[in-house]
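**Q** The chain contents come next:
Number of protein chains: 2
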Amino acid sequence: MVNEFNILHPEPLLIVISGPSGVGKDTVLHMMEERGEYPFHFVVTATTRPIRKNEVDGVDYFFVSHDQFAEMIENDELFEYAIVYNDYKGNSKKQVRDALDSGKDVIMRLDIQGAATVKKEVPEAILIFLTTEDEEELVNRLKARKTETSEGLKLRIATARQELKHAKYFDYIVLNKDDALDETVDTLEAIIRAEHHRANPPKVSL
Amino acid sequence: MVNEFNILHPEPLLIVISGPSGVGKDTVLHMMEERGEYPFHFVVTATTRPIRKNEVDGVDYFFVSHDQFAEMIENDELFEYAIVYNDYKGNSKKQVRDALDSGKDVIMRLDIQGAATVKKEVPEAILIFLTTEDEEELVNRLKARKTETSEGLKLRIATARQELKHAKYFDYIVLNKDDALDETVDTLEAIIRAEHHRANPPKVSL
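Note that the protein sequences, when read in sequence, are chains X and P.
Start counting the first sequence at 1; every next residue gets the next number (this note's numbering).
Start counting the second sequence at 1; every next residue gets the next number (this note's numbering).
Note that these hints are calculated values from the structure, not bench results.
You may find that some hints are simply not true.
Note: identical chains are not told apart, hence a pair may lie in one copy or across any two.
Listed next, the in silico DSBU-like pairs over lysine-lysine satisfying Cα-Cα at most 35 Å (straight line) [claimed, not checked]:
(1) K53 with K25
(2) K146 with K203
(3) K168 with K94
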């Protein structure tokens, strides 16, 4: 008779966190990792863009050459890839599959184009759109970063405007307010917790 | 430009908490009310069953006569009603509508039959199925209540078995473990928080 009532199926989730550049995806993910409340495998993206100050290879990104990236494409090793600001970015299918197989939730940080690709290939993926309260706040954050030229900034803002139109294709929208990082992370954790209690959780397969 | 990015639509939610008798729906709801983290309007059910010790009229239920209940049915005042163990139970449509109109989330505690009726009439309702780890635990809780005769207990257990088959029609399933009430309430609050961040929240209409 025991366990007859146990109808919970704790399947690992594939969660995609996306949103315009500058919205604070990395900061939010770092805090989630620090809190450790919901352990997850964070997918490290391969990129051909130059490493920035304070970034660590293999932690923030796998920094690879254009030749290495081309090889990954040829060998169909990539889950999806995109050309962003003239640089290549892509995520390894195998990395995602292995983490899910081990029973761990997987979180991917993707630009909106990448998120759309994943959703098409893996409809069970949970897409979370991170956004700022208004455009002004986004611009301020990009400026504070000081990694952009004036031209680069303009391009990013124009892109962000376009990208916002895709927000409605996401499953969840979370506001990342300037002074409420804790609240943002609370909401992300609530979404993950809730999704683990779905009555009919679809098994993620890729 | 301000608010251009604000694509959140905080619509009030209609949440239905259900599950077999004895699972602890009332206890869980009392704790949610005490915490006050997510204020909600709790729909007080009208019933013809006799008031129990420690129950308060208008708080636990509206205790009405069979004649009064018949009048409510005739006037189409009831959102749904059901005959449970020879007694009538029903919820006022107006009460739910008024609370939603004021912008508040509404929580209804319903037996599984009632939950199914609400979902049919209001597909936007979020159905949460509260359950115990196994049948043994449920039986123990019903026994501990000491409000049931041996016959009554048998009937409740048989009903619970039937009811469990409906769990899959719910949106969420939450385990209410014997020694982890706080955890149960955390999960319910996470579900409510997550649902408030849906990208395309359907407006509840009834």
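**Q** All hints are to be evaluated individually against the structure, with a verdict given for each.
**A** Against the structure, the hints:
Taking identical chains as interchangeable, the C-alpha atoms of K53 and K25 lie at most 35 Å apart only when both belong to the same chain, with a minimum of 18 Å there against 53 Å between chains. Within a single copy, K146 and K203 get their C-alpha atoms no closer than 42 Å, and across copies no closer than 42 Å, so neither meets the 35 Å cut-off. Taking identical chains as interchangeable, the C-alpha atoms of K168 and K94 lie at most 35 Å apart whether they share a chain (29 Å) or sit on different chains (32 Å).
In summary, the structure is inconsistent with hint 2 from the numbered list given earlier, while agreeing with all the others.
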